[in-house]
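Engineer: One-letter residues, chain by chain:
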Amino acid sequence: MSDITSQSLFELTSNIKEKKLSSEEITKAFINRAEKSKKLNVYVTDNFEKAIDQSKKFDSNPILDFKLPGIPIAVKDLFCTNGVRTTAGSKILNNFVPAYESTVTQNLWSQGAILLGKLNCDEFAMGSSNETSFFGNVQNPVGENLVPGGSSGGSSAAVAANLTPVTIGTDTGGSIRQPASFTGTVGLKPTYGSCSRYGIVAFASSLDQAGPMTKNVRDCSMLLEVISSFDQKDSTSIDYKRNYYSKELSKDIKGKKIGIPKEYRVDNMPDEIEQLWKNGISYAKDCGAEIIDISLPHTNYALPTYYIVAPAEASSNLARYDGVKYGFRSPGQNLIEMYEKTRSEGFGDEVKRRIMIGTYVLSSGYYDAYYLKAQKVRQLIKKDFDDAFSKVDAILTPSTPSSAFKIGEKTNDPVSMYLNDIFTVPINLAGLPGISIPAGKDKNNYPLGLQVIGKPFDEQNILNISYALEDKINFKNDISDWWLSE
Amino acid sequence: MSKNSEYLIERENKQYEVIIGLEVHAQVTSESKLFSQSSTKFGAEPNTQVSLVDAAFPGMLPVINEFCIEQAIKTGIGLKAKINKKSVFDRKNYFYADLPQGYQISQYKYPIVGEGKVILDMPNGQKEIGIERLHLEQDAGKSIHDIDPNNTLVDLNRSGVALMEIVSKPDLRSPDEVNVYIKKLRSIMRYLGTCDGNMQEGSLRADVNVSVRLKGETEFGTRCEIKNVNSIKFMQMAIISEANRQIDLLEEGKEIDQETRLFDTKRNETRSMRSKEDAHDYRYFPDPDLLPLEISQELIEKIKSDIPELPDEKKKRFIDKFNLSPYEATILVSDIETSNFFEEVIKNSDVKLATNWITGELFAVLNEKNLEISQSPVSAKNLSKLINLIKDGTISGKIAKTVFEQMIDGDQDPLIIVKEKGLKQESDPKAIEELINKVIENNSDKVAEYKSGKDKLFGFFVGQAMKESKGKGNPQLINKILKEKLNG
Numbered sequence: 001m002s003d004i005t006s007q008s009l010f011e012l013t014s015n016i017k018e019k020k021l022s023s024e025e026i027t028k029a030f031i032n033r034a035e036k037s038k039k040l041n042v043y044v045t046d047n048f049e050k051a052i053d054q055s056k057k058f059d060s061n062p063i064l065d066f067k068l069p070g071i072p073i074a075v076k077d078l079f080c081t082n083g084v085r086t087t088a089g090s091k092i093l094n095n096f097v098p099a100y101e102s103t104v105t106q107n108l109w110s111q112g113a114i115l116l117g118k119l120n121c122d123e124f125a126m127g128s129s130n131e132t133s134f135f136g137n138v139q140n141p142v143g144e145n146l147v148p149g150g151s152s153g154g155s156s157a158a159v160a161a162n163l164t165p166v167t168i169g170t171d172t173g174g175s176i177r178q179p180a181s182f183t184g185t186v187g188l189k190p191t192y193g194s195c196s197r198y199g200i201v202a203f204a205s206s207l208d209q210a211g212p213m214t215k216n217v218r219d220c221s222m223l224l225e226v227i228s229s230f231d232q233k234d235s236t237s238i239d240y241k242r243n244y245y246s247k248e249l250s251k252d253i254k255g256k257k258i259g260i261p262k263e264y265r266v267d268n269m270p271d272e273i274e275q276l277w278k279n280g281i282s283y284a285k286d287c288g289a290e291i292i293d294i295s296l297p298h299t300n301y302a303l304p305t306y307y308i309v310a311p312a313e314a315s316s317n318l319a320r321y322d323g324v325k326y327g328f329r330s331p332g333q334n335l336i337e338m339y340e341k342t343r344s345e346g347f348g349d350e351v352k353r354r355i356m357i358g359t360y361v362l363s364s365g366y367y368d369a370y371y372l373k374a375q376k377v378r379q380l381i382k383k384d385f386d387d388a389f390s391k392v393d394a395i396l397t398p399s400t401p402s403s404a405f406k407i408g409e410k411t412n413d414p415v416s417m418y419l420n421d422i423f424t425v426p427i428n429l430a431g432l433p434g435i436s437i438p439a440g441k442d443k444n445n446y447p448l449g450l451q452v453i454g455k456p457f458d459e460q461n462i463l464n465i466s467y468a469l470e471d472k473i474n475f476k477n478d479i480s481d482w483w484l485s486e
Numbered sequence: 001m002s003k004n005s006e007y008l009i010e011r012e013n014k015q016y017e018v019i020i021g022l023e024v025h026a027q028v029t030s031e032s033k034l035f036s037q038s039s040t041k042f043g044a045e046p047n048t049q050v051s052l053v054d055a056a057f058p059g060m061l062p063v064i065n066e067f068c069i070e071q072a073i074k075t076g077i078g079l080k081a082k083i084n085k086k087s088v089f090d091r092k093n094y095f096y097a098d099l100p101q102g103y104q105i106s107q108y109k110y111p112i113v114g115e116g117k118v119i120l121d122m123p124n125g126q127k128e129i130g131i132e133r134l135h136l137e138q139d140a141g142k143s144i145h146d147i148d149p150n151n152t153l154v155d156l157n158r159s160g161v162a163l164m165e166i167v168s169k170p171d172l173r174s175p176d177e178v179n180v181y182i183k184k185l186r187s188i189m190r191y192l193g194t195c196d197g198n199m200q201e202g203s204l205r206a207d208v209n210v211s212v213r214l215k216g217e218t219e220f221g222t223r224c225e226i227k228n229v230n231s232i233k234f235m236q237m238a239i240i241s242e243a244n245r246q247i248d249l250l251e252e253g254k255e256i257d258q259e260t261r262l263f264d265t266k267r268n269e270t271r272s273m274r275s276k277e278d279a280h281d282y283r284y285f286p287d288p289d290l291l292p293l294e295i296s297q298e299l300i301e302k303i304k305s306d307i308p309e310l311p312d313e314k315k316k317r318f319i320d321k322f323n324l325s326p327y328e329a330t331i332l333v334s335d336i337e338t339s340n341f342f343e344e345v346i347k348n349s350d351v352k353l354a355t356n357w358i359t360g361e362l363f364a365v366l367n368e369k370n371l372e373i374s375q376s377p378v379s380a381k382n383l384s385k386l387i388n389l390i391k392d393g394t395i396s397g398k399i400a401k402t403v404f405e406q407m408i409d410g411d412q413d414p415l416i417i418v419k420e421k422g423l424k425q426e427s428d429p430k431a432i433e434e435l436i437n438k439v440i441e442n443n444s445d446k447v448a449e450y451k452s453g454k455d456k457l458f459g460f461f462v463g464q465a466m467k468e469s470k471g472k473g474n475p476q477l478i479n480k481i482l483k484e485k486l487n488g
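Chains as they are written, first to last, in our numbering: chain A, 1 to 486; chain B, 1 to 488.
To be clear, the hints were calculated from the coordinates, so they are not data collected in a lab. Only a predicted model underlies this, so the values are computations on that prediction, with no experimental measurement involved. Don't take every hint at face value.
A few chain A residues that face chain B, going by a derived Cβ cut-off under 7 Å, partial list only [as the list claims (entries may be wrong)]:
| id | residue |
| --- | --- |
| 1 | C80 |
| 2 | G199 |
| 3 | I200 |
| 4 | V201 |
| 5 | S206 |
| 6 | D234 |
| 7 | S316 |
| 8 | A319 |
| 9 | K325 |
| 10 | L335 |
| 11 | L362 |
| 12 | S364 |
Now the in silico label distances, taken between C-beta atoms and shown as ranges [what the hints assert, rightly or not]:
| id | chain 1 | residue 1 | chain 2 | residue 2 | range |
| --- | --- | --- | --- | --- | --- |
| 13 | B | Q258 | A | N94 | 43 to 51 Å |
| 14 | B | L291 | A | P270 | 39 to 47 Å |
| 15 | B | N370 | A | K352 | 38 to 46 Å |
| 16 | A | E345 | B | L291 | 31 to 39 Å |
| 17 | A | N334 | B | E128 | 46 to 54 Å |
| 18 | B | Q258 | A | L372 | 21 to 29 Å |
| 19 | A | Y244 | B | A279 | 25 to 33 Å |
| 20 | B | E128 | A | G332 | 48 to 56 Å |
| 21 | A | G332 | B | F67 | 38 to 46 Å |
| 22 | B | F67 | A | N334 | 36 to 44 Å |
| 23 | A | Y244 | B | E115 | 50 to 58 Å |
Every residue gets a Cβ at the ideal spot worked out from N, C-alpha and C, and that includes glycine.
Let the sequences and hints guide you as you build the complete structure.
Structural biologist: This is the structure we're talking about:
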C-alpha cells in the first residue's frame, strides 16, 4: 500500500470499506503531514482535535455504506461550518463562528466525511492567486514562491500537496478550474443550480457554484455525487434527476462530438498552451471523438461583462458586513463613522476595488450603460453556447492562458490578473458545467490544464470525456515535498 | 370651503387646490415573514423573532413565502387591479443599522400588481381613486434611540416582515378624502383578511405626497413627500400644514423644493429630512438570489374564486335586497365585522329595525365605551331576540330601550329580562278597555272638554292610559280603543 496521504479518494474509501485502514489512521496521517506543511499556509483554521475524535467515533461504529466513510476532508473557508470559524479569507469575518452548516458541507458529513479544517482562499473569493487573503499567501506545492491560483488557492494547494484527499471549492469566474490548472489537479464547476449556495459566503450570487477539487477524475465524480443536491433553502437550486456520476463514469466517448472554439486562440497565448490544446484534440480523436470547429462569437466580451456583473452583485452582497451584527467592528463616534472605519479596516484592497466598481455600475445614470448592457451581453454569450451545443456534445479549450506565476508578479496589475480568467469566465456567465484536468507542463515544468465544457446538467458527459483524456494524457505531478519541515 | 364641498385653501382672492397621493404600507397578514419562517407576531420581546435570514448572516438566502404572494394577489383583486403574471424582486441598497442585509428586497420596475381603483363614498357622491401599483417588500427592523444614552439599540423582530406598498395616483384632493380612502383601503383588506389594518401596531402606515396649485391650473406643482405617517389624524394634520407651507412659499414668490419631509406631530409642522440632491441612490437591481416571480392564471382564478363579497358589492346587495338607503348601507358595510354582525342579526329578525338598532343604540354604546363591534357587549343573537320582541308586539320600542340598557351588562337574554321584570306589553283588548274606562271615569271633565272640540286632549288620555298600564299598554291598542270610546 502506498503512503496514505498520496492515495486517491477512491483508494481510501476502498481501504476503509475493506477494513485495511481505519478512519483514525487516515485522519492522523493527513494531520501529521499538515503539521509539517505550515510553510504552504493552506489552513486558516484547523479542526484537527475534533477530527481525530470524530474519526475514533467513526471507527467505533463504522457505517461502510457511506460514500465518504470516515474520510477526513478540508474545505475552502467560504463554506459556513457549524461551530468552526469561517472567515472567507477576510479580516471582517476574522472572529465569525457560524451556528449553522452550509448544505454542501452538510452533504459531506451526512455521507460520513470528517472536517479537517478550513482552507485559505482569496478574500471573499475575489482573486486569482490567493494573494488577497487576509491570512497571507499560499505556496503552490509545485514550486516555491509560485501562486496556487485562486480564489480556491488553499484548496488546490492542499490537494496537490496531499494535505486532504479531496476538497471543495467555489467557482464564480474560474476559482476552481484555474487553481486546479495551476497545481496539476482536477477541478469541476457544476451547472449553476446543481449545488446549493445555502451557507456559502456569497460573492456574486448569479455566478457562484461550489464544486469538487480532486487528484483525479474518478474522485471528482465521487465527490460531485455527494455534494450536488436540490435544496429548497436556495431558490436558484434546480430540482432535476442527478446521476450516480461515479457509477456511470466511462471512458467510452466514441462518436462524441467535441467542439473547438476558434475565439479561444487569444493573442500572445504561449506556444506551449497552443501545443497542449492540440495534444488534447488528438487524444480526443484517438478516443474516437469527432472534432468539430465551432464559433463562440461573443467570447471577447465575456471578461468585461463578468467584471461588471460580478462586482455589481458583490457590492450588494457585501453590504451586510457593516460591523453591526457580527464580525469585525471598528468603533466610531456615530453610525456612519463606525461603518466607514469598519469597512475601511475590515476589507482588503481588491474587495474594496470591486465594491467600488460594482457600486459605480449600479448607480443611477450608469446602470443602463453598464449593468443592463452587461446583462444583455450575458444573454448573447449564453446564446453562443446554445448554438454551439446544437452541433456538439462538449467543448474543449485550455483552462488558463498561462501556467502559475510568481507570488507578487501581478499584484500591482489587476487587469493582467483578471486576464487569468479569460477562458473560465464565459462558462460561469452561461451557467454551464466545466472541468479542468491536468494535461501537460510548460518549459518550467509547471502544470497546465485543459477545460471541458458541457451542456447544462451534462456533468456526466464532461466527466466521461475527462476520464478518457486523463487516461491518454497520463499526467504525473512530480512534487518534491520541498516545503516539509520536521 | 366652497359650496360644492371642494377643498380649497384661500389666500387673498386666490384659491389653491391640494393634490395628494398616498403610498400606503400595509403589513401582510401572515404567520411568517416574506422570505423566512420567523413569526410576525406583534409585541414579542426584542430580537426573539429573528432567523439567520432576517439578520443577514453570511450565506443565508431568501426563500419566498407563497402565502404572502397569494395575499398580495388577493389584495390586487380587491382593488380591481391587474395582476402581473411576471414580477421581479429587486434589491434597494442603502446602509442603516436596522437593515441587516444592507438592502431591502422590494419590487421596483415590475410589481406584482398593476393599475386598479378604489371607490370612495363622499357626502356629495362617489369618487374613484386610481391605484398606480401594489408591490411586495420587506420591512426593516427598528432602531431604538431612547433606552441607552450612548448607543442605538436594534430590534430585528420586524425585519423581513412582508409589506404591501399600495401607491395611489395623485387623485386625492382633501384631508377628508384621505380619511375615507384609508378607511376604505383598510376595509377592503380586512374583508379579504390580507391586512388587519391595525394602525397602533404599525400594520398600516403611509408616505404622503403633497403638492398645491391654483384652482383651474392643470399642471401639478412640485411635490413633497412626508415619510412614515402612522395615523389618519396625523396624515390629515400633515397635509393641511404642508399644503399651507407650500402656499406660503408660493405667495412669497419662492419656489418649492422637491424633498422628503418628516411630520413633527408635537409642533404640527413638517420638517425637511433630505433634499432631492441628497436623495439616496438606491442602486436597484434584480435580486440574483430570487428567480423572477411567475404567477399562473390557474392560481389567479383559484384566488378569485375564494374572494369574499367586498364592501362595494355588499352595499349594492344591501340596498337592492333590503331596501336600505345608500347612507345606511355605507355605514353597515364599512367594516367587515359590522356587516357580519348585521347579517347575523337579520337572519332571524326584521331588517329595518335591525338597521336602526345597530346604527343607533348599539353604535352609541360602542362609541361611548370605545369598543369595536367585535367586542360588542350585546351579541347579535340577543339583539335579534330583542328586535323580535318589538316586532311581535311583546314589548314597545320604549320598553325595548330599557331592556337594551340591561342587556349591555353581560349580554343578557332580553326574553329573561322581560319575563323577570314583567315588562311584557299588555295587548289584551279587554284589559286595555278596562283601564281606559277607568281613565274616562276619573276624568269626566276632560272628556267633556274633548267632546266640545278640544282635540289636543287626546294625547292627555293616551298618557293617562299608559300611566295606568305602568307603561306596558300596547300603544296602538290604547290609541284604537280610546278613539272608539271618545268618538263613539
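Engineer: Does each hint fit the structure? Answer for all of them.
Structural biologist: Verification of the hints:
Look at C80 (chain A): its Cβ gets to within about 5 Å of chain B, closer than 7 Å, so that hint holds up. The closest approach between the C-beta of G199 (chain A) and any C-beta of chain B is roughly 4 Å, which is under the 7 Å cut-off, so the hint is satisfied. Using the Cβ-Cβ criterion of 7 Å, the hint placing I200 (chain A) at the interface with chain B is satisfied: the shortest such distance is roughly 5 Å. Annotation: interface hint on V201 (chain A) holds; nearest CB of chain B at approximately 5 Å, less than 7 Å.
Satisfaction of the interface hint for S206 (chain A) is found here, the shortest Cβ-Cβ separation to chain B being roughly 4 Å, below the 7 Å cut-off. Interface restraint check: D234 (chain A) against chain B, minimum CB-CB distance 5 Å, threshold 7 Å, status holds. Restraint check, S316 (chain A) versus chain B: the minimum CB separation of about 5 Å is within 7 Å; hint holds. Here the hint on A319 (chain A) is kept, as its CB sits about 2 Å from the closest CB of chain B, short of 7 Å.
Interface restraint check: K325 (chain A) against chain B, minimum CB-CB distance 6 Å, threshold 7 Å, status holds. Among the interface hints, the one on L335 (chain A) holds; its C-beta lies about 6 Å from the nearest C-beta in chain B, closer than the 7 Å criterion. For L362 (chain A), the interface hint holds, since its Cβ comes within 7 Å of a Cβ in chain B; the closest pair sits about 4 Å apart. Hint status for S364 (chain A): holds, given a least beta-carbon distance of 5 Å to chain B, under 7 Å.
Checked against the given bound of 43 to 51 Å, the beta carbons of Q258 (chain B) and N94 (chain A), roughly 44 Å apart, stay inside it. Taking 39 to 47 Å as the suggested C-beta distance range, the pair L291 (chain B) and P270 (chain A) conforms, at roughly 41 Å. Range check, N370 (chain B) to K352 (chain A): Cβ separation about 58 Å, and the 38 to 46 Å hint is violated. Against the hinted window of 31 to 39 Å, the Cβ-Cβ separation of E345 (chain A) and L291 (chain B) comes to about 36 Å, which satisfies the hint.
For N334 (chain A) and E128 (chain B), the Cβ-Cβ distance of about 47 Å falls inside the hinted range of 46 to 54 Å, so the restraint holds. The hint said 21 to 29 Å for the Cβ distance between Q258 (chain B) and L372 (chain A), and at roughly 26 Å that hint holds. Range check, Y244 (chain A) to A279 (chain B): about 56 Å between beta-carbon atoms, so the 25 to 33 Å window is missed. In this structure the hint that E128 (chain B) and G332 (chain A) lie 48 to 56 Å apart at CB holds, the actual value being about 51 Å.
At about 41 Å, the CB distance of G332 (chain A) to F67 (chain B) agrees with the hint of 38 to 46 Å. Judged by the Cβ atoms, the range 36 to 44 Å given for F67 (chain B) and N334 (chain A) holds: they are separated by roughly 40 Å. For the pair Y244 (chain A) and E115 (chain B), the beta carbons lie near 52 Å from each other, so the given range of 50 to 58 Å is met.
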